[in-house]
Amino acid sequence: MTSDKSFLRNRKGFSLVEMIIAVAVLSLMGLVIIQVFIHSDSLNRKAADMDHAVSVATNLVEKLKTLPEKADLEKTLKTEALSTTRVDAWSVTTIKEFYDRNWKPVLVTSSQSPEFTVTAVLQPDPKAPESLSDVNLTVVREEKYFHSKEAKPVLFTLKAAVPLSVKGGGN
Amino acid sequence: MRRNVLSNQKGSASVIVILVMLMLVVFGVLAFVSAGSSLRLAQKNAAMTQEYYKLDAMAEQATAQASETLKSSERSDFKRLESTLGKITGVAAVHVTRSDNGQPLIEMRIQDSKTGADKSLNVILSPAASGSGVVIHEWKLVVKPFTYEQQIGL
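Just so you know, the protein sequences line up as chains A and X, in that order. Taking my numbering, I'd label the letters of the first sequence as residues 960 to 1130. Taking my numbering, I'd label the letters of the second sequence as residues 493 to 646.
Okay, chain X solo, but in the shape it has when bound (with noise of 0.2 Å):
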């Protein structure tokens, strides 16, 4: 009886076809699942590329703001300058401290209020020599360290 069984050779050919559909299917669902954590890291990386952007554009309006606070008479009054600087749109906090050559050396974090507390900009800068505009020292992203959480939907 066992060997009439292993010796039949009746539905071989949808075993060849349930193995051929197997590996389709295994394929099938990697190319998936790969293309689709591709356009996932494409999409966190469009995505922090605008968040950059967004903070650099406040950066880039704090800045102009601060260089013309910097031409009144206020630069010399670094605690009434600190003050000015904090009311600016983003800047989420100011330090003037007096750097060598007696000029005020400005330290601002800027933050966007929307997206949190986890990215900032901290921008570094002091008055040019000649008088207008302003010399930038420092220019850099500060990423919070984060905790990875697994998401799925593509």
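The following block holds chain A by itself, in its conformation from the complex (with noise of 0.2 Å):
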């Protein structure tokens, strides 16, 4: 009791020298270990991106997988930006997706701008042309992350084949 009396009335503190030191060396390390957590986060962030990325990427070609032959693309997949090029006699169908930084999907048309864009390529097989299609699906981050150098990060690239038809299926 005695003791406690005698540390509440014990006016003994830090100097000023010795917190200006103190606060210095915590700001100067604090700012190393901040730089630390904020890159961890960006690790974190890109982690989780990467596996969103690769179940949008599964789904779209399951999704495609899963269409009649001779499907319509653009009635089917109702996606915002469908569009298709024919190449020579051949037809390269792009399908584009647009995602929001929550990996919800977001319409082109909206003023939202999408954080994540999946594109996938089809195009006839060249072994099997008549009933197979080729898909190279990119999925692109618009923004860079913290200290990277990529501008737009690739997260996930497919490659894959789908029983689908595109041959002359152009615009």
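Don't read these hints as lab results, they were simulated from the structure. Glycine included, every Cβ here is placed at the ideal spot set by N, Cα and C. Where hints are given, some of them may not hold.
Think about it this way: if two alpha-carbon atoms lie no more than 27 Å apart in a straight line, the pair counts; the simulated BS3-like pairs of lysine-lysine are [to be verified]:
#1 X/K536 - A/K1024
#2 X/K536 - A/K1108
#3 A/K1103 - A/K1118
#4 A/K1118 - X/K571
Derived DEER-like restraints, expressed as beta-carbon distance ranges [stated by the list, open to error]:
#5 A/P1085 - X/A620: 39 to 45 Å
#6 X/S529 - A/T1025: 33 to 39 Å
#7 A/E1102 - X/A585: 44 to 50 Å
#8 X/V512 - A/K1108: 31 to 37 Å
#9 X/A585 - A/E1021: 44 to 50 Å
#10 X/V518 - A/P1085: 25 to 31 Å
#11 X/I508 - A/E1021: 56 to 62 Å
Work from the hints to combine the two standalone chains into their complex.
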């Protein structure tokens, strides 16, 4: 009890020099540590985005796999930006999907700018052009990550083949 | 002398700073290591998905070519069918047997020569009853048991 009272009455504290040194050291080291925390957060975000990108890409490929062979892609997929380009006798179909930062689908026409773009390019497979299409899928983030050099980092690329005929189906 | 050292409060601010710093550094390192592990796991998942779809694409091509081959007269000559299907790119092994209804039952092992023999896709198919196309009985990814190697690199 007496010791408690003496502790409360004790007017000894830290000197100004001690405080200045302590704050200086803390702020200098704090800067480095905060960078580590921000970098960790960026890595975590990248990992989560990569998992989402894989999920979105496989979802799209599996959706394409279930379509009937001569399906009308524009009507079936209901994506906002679907462009079909015909190169000679072959048709190359591009499917684009847009997502916001929480991986919710975004309409291109809306004011909200998308953070992720999924691009799938379909073209007839050279080995079985009548019945098979090759899919080249890319998931890109429109903004760069903290401490990353890439302006538009590619999160995931996928090459697949789907039993879908896109030959001669262009606009 | 000893009492003097213990009761002397000079430098106690530095001790507190060191303790706080130590705590922040430990939490920072833990967060960084955990984030790095998450990213590595995500990269492995992505690589595995890419490998699967590469094998899947090869299997789709092999199935399309097998379907074309089955339309020809070769379907009754199992040995010839086996040799024709064995020439398809990506087909590592083919085994043709007779099913209960007398139709050929084709078992193919699809393997990517670049990625090695640790992953393969087993496909079992037979000609469709209608005459065109095939019926797929099995489409299974087979991964050989592997030993885990610790790799550090973020």
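Going down the list of hints, with the structure as the test:
1. X/K536 - A/K1024: 24 Å, holds
2. X/K536 - A/K1108: 22 Å, holds
3. A/K1103 - A/K1118: With Cα atoms ~24 Å apart, A/K1103 and A/K1118 stay inside 27 Å; holds.
4. A/K1118 - X/K571: 33 Å, violated
5. A/P1085 - X/A620: 39 to 45 Å: 25 Å, violated
6. X/S529 - A/T1025: 33 to 39 Å: Between X/S529 and A/T1025, where Cβ atoms are some 35 Å apart, the hint holds.
7. A/E1102 - X/A585: 44 to 50 Å: 47 Å, holds
8. X/V512 - A/K1108: 31 to 37 Å: About 34 Å separates the Cβ atoms of X/V512 and A/K1108, which means 31 to 37 Å holds.
9. X/A585 - A/E1021: 44 to 50 Å: 27 Å Cβ-Cβ, so the 44 to 50 Å window is violated.
10. X/V518 - A/P1085: 25 to 31 Å: 56 Å, violated
11. X/I508 - A/E1021: 56 to 62 Å: This hint holds: roughly 57 Å between Cβ atoms.
Violated hints for the displayed structure, listed by number in ascending order: 4, 5, 9, 10.
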